[in-house]
Amino acid sequence: MASAKVFVLRTCDGETFEIDESVAYVSETIKNMIEDGFGHDLIPLPNVSSKILLKVIEYCRKHVSNFESSKKTSNGDEKDKDNDSWKKEKEAVPEVEKDAEEKARVEELKEWETTFIDIDQQVLFDLLQAANYLNIKGLLVMAAEKAASMIRGKTPEQIRETFNIKNDFTPEEYEDIRKKDAMNDFTPEEYEEIRKKIADNHFTPEEYEQIRKENAWAIE
Amino acid sequence: MGLEDLGDLALHLIMSKLDAKEAAILSCVNKRLRVSASEERLWRKFCADDLDLLAPEDPDGNTVPSFKAAYQIWRKVFIMSPWLLIRRVKRCWNTIKSWMAANFPEAGGTLRKGASEAEIKEMEDTLGVKLPLPTKVLYRFCDGQDITSVFSSGSERGSSLGLIGGYSFYDHVVNVYLLPLSQVIAETKEFVRHLGFSNRSKYIVVAASSTYGEKLFFLNCSNAQLYVGTKNLSIDGEMIACVPSTLINSVHNFHGNQQQDAMLLWLEEHGRRLHSGIIGLRGEGDVRSINLFPESPPLCSTAATNGVQTRASSLLIPELCDPQKESEKYWFSYSIRMRLLPEGCIINGTSFGSCQLYWRRWIIRANDTVISDVNDEAVIGKDLVTGKMIGCGKYPLLYPDGKEFVYESCTPLTSSSGSIEGAFTFVPGRSTRFLQQHLSDNPSSTLSAL
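So the protein lines, in turn, are chains F and X. Counted from 1, the first sequence has number 3 at position 3 by the working numbering; the numbering is strictly sequential. Counted from 1, the second sequence has number 289 at position 289 by the working numbering; the numbering is strictly sequential.
Isolated chain F, as found in the complex:
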């Protein structure tokens, strides 16, 4: 159970935050610093801004309270009080979902997560970096998955638009990539050859279009 111990964190922009020991320990980095004896004074976090640390602390607090309530409704393990349990609980949930109470807890957690990570890009990437530095596995995984979901299903141009990235390839370089690297990318002549082969094999026009789309990667 959380002891009365409290630690003070200081961000790069000079703000301080007080948190309980159990919350602090969600970060492996902070945990190590405390165990190495640096917890008596302020714990400096020069890589993290106050805006981001607020979000991180929100996550850590939720993690601790979720773990506490899961212990009541399922067979939570005392030893599981680390970052892995966040992930483990998520994976083990289908088997543990016996009680209605447990079910409700899981549902609530999912909703909370969706809201929590519904943040703009800038904050997301800052959070990702912070989670990496502070070594908070569950948060890292959540943020990475959110970023991946913003990439999936998009063409390169759409990805550039989403993340405001400049295309720094020259036209020649890009043509090179298109030919060599982008998988199964074909010139118009090669397409004609495939179209003929496919026609002989009786694919419908829709199927052919699908094949063309699936395999013409990285084309705008």
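Note that these hints are calculated values from the structure, not bench results. Do not rely on the hints blindly, as some may be mistaken.
Stated by the list, open to error - Okay, derived cross-link-like pairs now, DSS-like style, lysine-lysine, Cα gap no bigger than 25 Å in a straight line:
1) X/Lys-45 / F/Lys-137
2) X/Lys-90 / F/Lys-137
3) F/Lys-166 / X/Lys-31
4) X/Lys-21 / X/Lys-121
Stated by the list, open to error - Simulated restraints, written as ranges between beta carbons of each label pair:
5) F/Glu-161 / X/Asn-103: 49 to 57 Å
6) F/Gln-121 / X/Leu-84: 16 to 24 Å
7) X/Glu-40 / F/Lys-72: 41 to 49 Å
8) X/Ser-245 / F/Asn-164: 36 to 44 Å
9) F/Asn-164 / X/Gly-128: 42 to 50 Å
10) F/Asn-167 / X/Asp-58: 29 to 37 Å
11) F/Thr-170 / X/Glu-122: 20 to 28 Å
12) X/Ser-98 / F/Glu-161: 40 to 48 Å
13) F/Gly-153 / X/Ala-303: 56 to 64 Å
14) X/Glu-40 / F/Asn-167: 23 to 31 Å
Glycine residues also receive a C-beta, built at the ideal position from the N, C-alpha and C atoms.
Could you slot chain X onto chain F? The hints should help.
Frame of chain F, contents of chain X only:
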């Protein structure tokens, strides 16, 4: 801070949640992301996850410079087939080939490399068929077995290297192998001509027994079902379906969900049985072959009494079945294997170094009707290794050397389900000792056609 400004570790974490195609798209966005998305460790993971590929190789086994290049080549070579199907078929062949390499390398060595798109097209044009997608992909990975050269040399060896294997009882010997496309064409033409199938017949011969016992497997390219010939095959082309039809799915639809045809299901099941030890090799040295009689529960019953162990299993023998004759509609073969366990034969604390079969009793039922009731002296059986009939006269002697005495026979049933149940009586030592201690074993084996 943008996506491209993230540290390597964070970027890698994001990319590990993408699949290969998404990573390839990302590598076209800008230079920074291209570097990150081309990392070897990422593509090593894609190759392992998607293709069970642990080294950067192309489909012919040649080494290529990187895992990313390997993945690209695989996609390009197999562009004409659905990628998920490629992965599934590769896994199927891996399962079979790895078992062969570990247990039966002489047969594994007969597996030919995959046929090209052109070779398959030629076969389709010649026979006027269109292969179901899964079967086509199966041939793209492996063009059957090459044991014709062994045949022409007149050696008996060719008859034991069949991938599918078989069985033998009395003089009915079967060993089934997968035909390469060239033979598919030849055998199909001959059968179509011989049986008078129409020119537009969708049946092709895909597997055959390499021995004198005639057993032929046909694939119907329309409904993608696999059939095996009955006794009446050469009279009127009669065949039995091999795989539950309900499992066959989407076989000509490039974008179907989970395409599977009878050939794929059949080979996947065969690989599964080999790996889990349900079926395995019999024989020693030069004369090994895959035997289809199940070796382990639940398809094999086993019992041991006083140190004597008996195992029994059975098989449907479709090439003997005569669906047009009520009494011979279903033929089953049963294999009963007996051996003395290492500790010898123990009765009331006394151990005997051998025992001899003396009496046999069994009842064969079709469903619940008794159709055969045998109560007689001993049995003649066949030595598994030499194939010769053994037994001291008719009474086989067992020693605790692990050597199994095998008795195999067959019976027709009027129903698709039945059983054989019985007991063997042994005397310890040899029957000349006149000890009448009764040892009985009660193996019972359920015969059923699924």
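Structure-based check of each hint:
For the hint pairing X/Lys-45 with F/Lys-137, the CA-to-CA distance comes to about 21 Å; that is within 25 Å, so the pair holds. Between X/Lys-90 and F/Lys-137, the direct Cα distance comes to roughly 35 Å. Violation of the 25 Å bound is thereby established for this hinted pair. For the hint pairing F/Lys-166 with X/Lys-31, the CA-to-CA distance comes to about 10 Å; that is within 25 Å, so the pair holds. This hinted pair does not check out: X/Lys-21 and X/Lys-121 have alpha carbons roughly 28 Å apart, beyond 25 Å.
At roughly 56 Å, the beta-carbon separation of F/Glu-161 and X/Asn-103 lies within the given 49 to 57 Å, and the hint holds. Distance hint check: the CB atoms of F/Gln-121 and X/Leu-84 are about 32 Å apart, inconsistent with the given range 16 to 24 Å. A hinted range of 41 to 49 Å holds for the C-beta pair X/Glu-40 and F/Lys-72, which are about 47 Å apart. The given range of 36 to 44 Å is broken by X/Ser-245 and F/Asn-164, whose C-beta atoms sit roughly 55 Å from each other.
For F/Asn-164 paired with X/Gly-128, a C-beta distance near 57 Å fails the hint of 42 to 50 Å. Judged by the Cβ atoms, the range 29 to 37 Å given for F/Asn-167 and X/Asp-58 holds: they are separated by roughly 31 Å. Checked against the hint of 20 to 28 Å, the pair F/Thr-170 and X/Glu-122 fails, with Cβ atoms roughly 45 Å apart. A C-beta distance of roughly 47 Å is found between X/Ser-98 and F/Glu-161, which places it inside the suggested range of 40 to 48 Å.
Checking the proposed 56 to 64 Å range against F/Gly-153 and X/Ala-303 shows it holds: the Cβ atoms sit about 59 Å from each other. With their beta carbons about 25 Å apart, X/Glu-40 and F/Asn-167 fall inside the hinted range of 23 to 31 Å.
The structure fails hints 2, 4, 6, 8, 9, 11 (numbered hints given earlier, in ascending order).
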